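The primary structure of each chain is shown beneath.
Number of protein chains: 4
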Amino acid sequence: MGNHIGEILRVTTFGESHGPGIGAVVDGCPAGLEISMDEIQKDLDRRKPGQSHITTQRKESDTVKILSGVFEGKSQGTPIALFIPNEDAKSADYDHLRETFRPSHADFTYQQKYGLRDYRGGGRSSARTTAAVVAAGAIAKMILKHEGIMIGAFVTQVGTIQSSVFNSLAASRNPAINLDGLLKISESNIVRCPDEESAARMIELIEQVRKAGDTIGGVVSCVVKHCPVGLGEPLFDKLQADLAKAIFSINAVHGFEYGSGFAGAAMRGSENNDPYLIEADRVKTKTNFSGGMQGGISNGMDIYFNVAFKPVATIVAAQESVNLSGESVEVKGRGRHDPCVVPRAVPIVEAMAAIILADHWLRNRAARM
Amino acid sequence: MGNHIGEILRVTTFGESHGPGIGAVVDGCPAGLEISMDEIQKDLDRRKPGQSHITTQRKESDTVKILSGVFEGKSQGTPIALFIPNEDAKSADYDHLRETFRPSHADFTYQQKYGLRDYRGGGRSSARTTAAVVAAGAIAKMILKHEGIMIGAFVTQVGTIQSSVFNSLAASRNPAINLDGLLKISESNIVRCPDEESAARMIELIEQVRKAGDTIGGVVSCVVKHCPVGLGEPLFDKLQADLAKAIFSINAVHGFEYGSGFAGAAMRGSENNDPYLIEADRVKTKTNFSGGMQGGISNGMDIYFNVAFKPVATIVAAQESVNLSGESVEVKGRGRHDPCVVPRAVPIVEAMAAIILADHWLRNRAARM
Amino acid sequence: MGNHIGEILRVTTFGESHGPGIGAVVDGCPAGLEISMDEIQKDLDRRKPGQSHITTQRKESDTVKILSGVFEGKSQGTPIALFIPNEDAKSADYDHLRETFRPSHADFTYQQKYGLRDYRGGGRSSARTTAAVVAAGAIAKMILKHEGIMIGAFVTQVGTIQSSVFNSLAASRNPAINLDGLLKISESNIVRCPDEESAARMIELIEQVRKAGDTIGGVVSCVVKHCPVGLGEPLFDKLQADLAKAIFSINAVHGFEYGSGFAGAAMRGSENNDPYLIEADRVKTKTNFSGGMQGGISNGMDIYFNVAFKPVATIVAAQESVNLSGESVEVKGRGRHDPCVVPRAVPIVEAMAAIILADHWLRNRAARM
Amino acid sequence: MGNHIGEILRVTTFGESHGPGIGAVVDGCPAGLEISMDEIQKDLDRRKPGQSHITTQRKESDTVKILSGVFEGKSQGTPIALFIPNEDAKSADYDHLRETFRPSHADFTYQQKYGLRDYRGGGRSSARTTAAVVAAGAIAKMILKHEGIMIGAFVTQVGTIQSSVFNSLAASRNPAINLDGLLKISESNIVRCPDEESAARMIELIEQVRKAGDTIGGVVSCVVKHCPVGLGEPLFDKLQADLAKAIFSINAVHGFEYGSGFAGAAMRGSENNDPYLIEADRVKTKTNFSGGMQGGISNGMDIYFNVAFKPVATIVAAQESVNLSGESVEVKGRGRHDPCVVPRAVPIVEAMAAIILADHWLRNRAARM
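The listed protein sequences derive, respectively, from chains A, B, C and D. Here the first sequence is numbered in my numbering, starting from 4 and rising by one per residue. Here the second sequence is numbered in my numbering, starting from 4 and rising by one per residue. Here the third sequence is numbered in my numbering, starting from 4 and rising by one per residue. Here the fourth sequence is numbered in my numbering, starting from 4 and rising by one per residue.
Be aware that a few hints might be false.
Where chains are identical, the list cannot tell them apart; a pair therefore holds if satisfied intra-copy or between any two copies.
[Unchecked claim] Distance condition first, Cα-Cα at most 25 Å in a straight line; then the derived SDA-like pairs of lysine to any residue:
(1) K45 - H21
(2) K68 - P88
(3) K287 - N89
(4) K77 - A283
(5) K287 - D305
(6) K77 - S94
(7) K214 - R271
(8) K77 - G118
(9) K289 - L327
(10) K77 - H99
(11) K187 - D91
(12) K68 - N89
(13) K214 - Q114
(14) K68 - D91
(15) K148 - R371
(16) K148 - G118
(17) K93 - S55
(18) K45 - R271
(19) K228 - R49
Hints are computed from structural coordinates only; laboratory data are not their basis. For clarity, every value in this text was computed on a predicted model and none was experimentally measured.
Bound conformation, chain A alone (with noise of 0.2 Å):
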């Protein structure tokens, strides 16, 4: 009941915050595909916590355990079952929550929708299930590699401050995006924003609402390069359809949009539109406000989408709420949390991104007799 996602490439995600440990099952994953240990590993470690001063301080090795599906070295087209422990759950720091709901969180609505609930650290709610995700995801993206495919996703936005990226994606013209390039940048400062002198001051901005014991939203952006033609199933499961579901399953989403996007809604059909044009003997558009996909299925353009995260519920200051017996009470924000996610979002999205990217490449397989 919602825990997989994926038709062929199937994957399903279990665990809590303060369980034993998450984890997740990658069942459709072709055989004789390589697999990295390492490359998941460094996938985590972008998502870890306490990677820089502007995350939060939990300690987690985030160590992944393939449990089975990989037999020296390759995937047997068995299920590959990925396993992390979790280490430094502090629990007692929820006591107080057992009986308490914090607003924006998820505590109303799973103890009102199941009867109970796992109050520590949110349970199955804690973005802490995004690394079982991560996991998966790196299997998808080492697919996707095999087949020259390439994703790569940075902070465009935080608070009001937005990178000259994220508009010159929306404008995105031949010659096409260059990915390596913005992805160099913004691997290389602790926002993961591709431009410098934005990066810069949204630090300072993460910094500043963190000492105001308050937090902040951002917007991710993604770019897919080198999609082959005709991924995406018509006429419910397009490729932006699974793109965007898998994105809003992530923690904190409120928004998806690809191609000219919102920016589109006020635009004129002769501006909007793609037009063609052959280059090198392939067909491509001059233009790319259709973001790479054209009737739900890619068209071999830079597939690109924008992906807004809320700030974070947890706030240092006092706040309006209710408890389980329906009285009124105060919650203050207790735990170990980010001022913002969106640094530490990036390498959810690429997974996301990554797992539907492979299922639907595999799925296209069966397009034609």
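For this one, chain A is given, so just place chains B, C and D on it according to the hints.
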């Protein structure tokens, strides 16, 4: 492969723009629901072409037939098959497109994916297929209505004209959204905008765009009232994730946001958080930046979201393109098309939302022992 | 909820015995397949009522219409919708069953499950719904034929009369099963038995049973030739598991066995094992007690299985029963029914097997990088 | 791709015979169920190797760990992950099989399907994977027990020795099957046969077969008592269809029949029909040739079915085979294997049946408005 949506209430659609007709099979509708043909037809009429001078002039009565699943006026628990014959298909209008790809349409991607395509009116990629969605959605609405859940959508933006309602939703505070009031206005004007002053300006803009042989984008906003607490399945089938997927399967959609949405990226936690309060013995939130969903689960507050539609791709002006043989060609819009898709998109957005909500309402029955 | 089968090639059926008609939506048929209406109709004719004096006398032309998915004679990769109108529904024959449950029919269970039921001709529980399966299966057969895979079924038992073919299959040894030869005989007699002597006795028995107002059970055996190695997905979607599920969804089926089947329970490993040998550079097995499947995966040998059908539940003699009000009543068979279902079940068994095999043929495309 | 089963209660398994371990993720278990580790372990102990002198001597404690989904002793509505480490894997025993295919094992088909294989102990094709099924099934049993539904299986045939219980089930008449009584006997002897006299002969036969270095097949029969009316989803997810699929996913199963089964093929409608009667205000059937299911839906009577297991493929005698290079070779059984699989298969059959029944019990919640 992609032509169904929903887990328990599962809708499968079929049909092409210029074939015998289009239809849907609604599986999983619980037995004993009274099925009103009038309600299905009423929604189809809201979507059908030719309903006003600002929509395409294709004439389709869009009369639906029920082929199965209803006996003595009631659902039987068996699949309800719905069929809408195509009547005014002018396939000859499309002969010139047999070998040519229209910019920002799905002609190129279908041809590349499948190695062939039904070029008449866009075939399966035509927005005509959404009539089947609207018919299926009408049944989902009957399920929801039976439970007191109400869904309504309206146009909040055309081009750069944004209704004041757009922002009032985003900042939505108790007392809750007056959906009845908004719909009363929106359904009384041909652009389906819930504020009369903006409606008049939007109609004027669409007329002007149409005369210029151009098209224009827009935004549809949707509200769900009286949704019970508890709908939505973590981890991947969060309510917002399934809503987003369903909405992105609609032709021309380029963006989706709920609650504070993209604006939330610029906000602080202290602003964006929704404090809880007790009102008439019910837990409510003071503000509703969560858009009625927390941790992927409905919290009982109004659900609302915005949907960005790009401008229709068919324009009169000549555009650069390519053909099947890989030669550069020029294409001009023929056939009958809408200058702006949002007025007719309103019931489609409602239908998609209804299918997802009814499905999750049924799924939620399995949440507890 | 239960009205579809298959993962990539996904068949959804709809319709009741006495409604407007029955149909199927075949999603996932790869693009570019030539669709022959004649082949669909030929299989429908093998299933249709009234084809001989040993079948029911209901008259249905069972003429299928294609509503979508085929253009210029070829599949488009989009859903193929098939519809067969009901013509000779004599609903008045069933008025007396509005409140009465026929023994060993589904009247009671449908009523209890759904709280209501379409009592006319059994509604959705009628074997008439298998016509939609046969139509969908004909498309699956075209996919398989394109790959050289051939499916044929025939009757090997009626009552206690068992054809010698039954045992020769079970002990099947190289040279492989001569399916063409068996079908040539079975399709030349009205009971569809591949040995003429048994056929004559079976026909006599069915006539005798019919005159007595009674019914009789039987066995259909099915053979798949030229199945490539590798179809079937461990762990749960073993090829035999999916075949069994599909076959048990046919009305009146009470048993399924493949390879050595129930007889294998009495055998020793040294008898039942199939030694490997090399023949014309291909790996074959010396015997075929595995029935062409090992570890849930086809091994390239002939697949064969037996299907037990119980006697048709409608008989002329008065039977004890109960009604909606919980009173004891007596029911007598009316309506038009078969004295023995197996001759008409032959194309249904083939259709179900074809759907599963075509689905697994497509699924297997994702097995390796 | 094939490693999950169930729609609402969805079990995904992973693991190989000689990897770190095997496990299962049980998604969709309703919240609030008390989870007993003892009950899980008890069923694992009934399946585990080395439990008597007629089973394999591999020593595995089969101690299960719960990795997620249970908090304060109760299910949380989140996925329950179960893990069983492999302890006594003697991989060196299998070195000689790196390049050789054992007759009637899955070595050849895995190698051909995937292009590689984990040859150690059969890898994923090993019956060891059924331990994960038993653990998951134990949770399904807890759901059913909570509703008063009871499942029990036992051995009714080994080789040609058939227990009298086999036939008494087939002719099952009111008063209903005394499952408690049968289980009391079957669980008291090492072959798990519900009649002591047959049990003694079966044990003797298995010992004799083992000494001969051979193996023998058998039949497990399973009974479900107190199943409510209404479980099963027409058309394709009939209760018997889903049971059959689940059962055929068990290693070595070659036949499944329910109710009158294959014997029903020889019967007349007048014999095989189950007349209805009223007993203590409940509708019952006088006989139970329907095996508790009519039209794919449970009718409230006892469900029972028989499962045929072929003899274990590993035998001591030399057998003709081939190797990876396509050369003829001779193989002899090594490793530790069971002479007869049915005593240990009893809890596996129960587990599979429990998963299907619990899933359908949840699915049935959506049958009516």
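Here's how the hints hold up against the structure:
1. K45 - H21: Within one copy only: 23 Å inside a chain, 28 Å across chains, cut-off 25 Å.
2. K68 - P88: Classified as both: same-chain Cα gap 9 Å, cross-chain 13 Å, threshold 25 Å.
3. K287 - N89: neither (47 Å within a copy, 34 Å between copies)
4. K77 - A283: Answer is neither: 37 Å inside a copy and 32 Å across each miss the 25 Å cutoff.
5. K287 - D305: within (10 Å within a copy, 44 Å between copies)
6. K77 - S94: between (38 Å within a copy, 18 Å between copies)
7. K214 - R271: between (45 Å within a copy, 13 Å between copies)
8. K77 - G118: The answer is between: 11 Å across copies meets 25 Å, while 43 Å in one copy does not.
9. K289 - L327: between (58 Å within a copy, 18 Å between copies)
10. K77 - H99: This pair counts as between: shortest inter-copy Cα distance 21 Å, intra-copy 47 Å.
11. K187 - D91: So K187 and D91 fail the 25 Å test inside a copy (31 Å) and across (48 Å) alike.
12. K68 - N89: Close inside one copy (12 Å) and across copies (15 Å); limit 25 Å.
13. K214 - Q114: Neither way: K214 and Q114 sit 32 Å apart in one copy and 56 Å across, limit 25 Å.
14. K68 - D91: both (17 Å within a copy, 20 Å between copies)
15. K148 - R371: Intra 24 Å, inter 15 Å, cutoff 25 Å: intra and inter.
16. K148 - G118: Between copies, since 20 Å is at most 25 Å while 44 Å is not.
17. K93 - S55: within (20 Å within a copy, 45 Å between copies)
18. K45 - R271: Intra 43 Å, inter 30 Å, cutoff 25 Å: neither.
19. K228 - R49: within (21 Å within a copy, 40 Å between copies)
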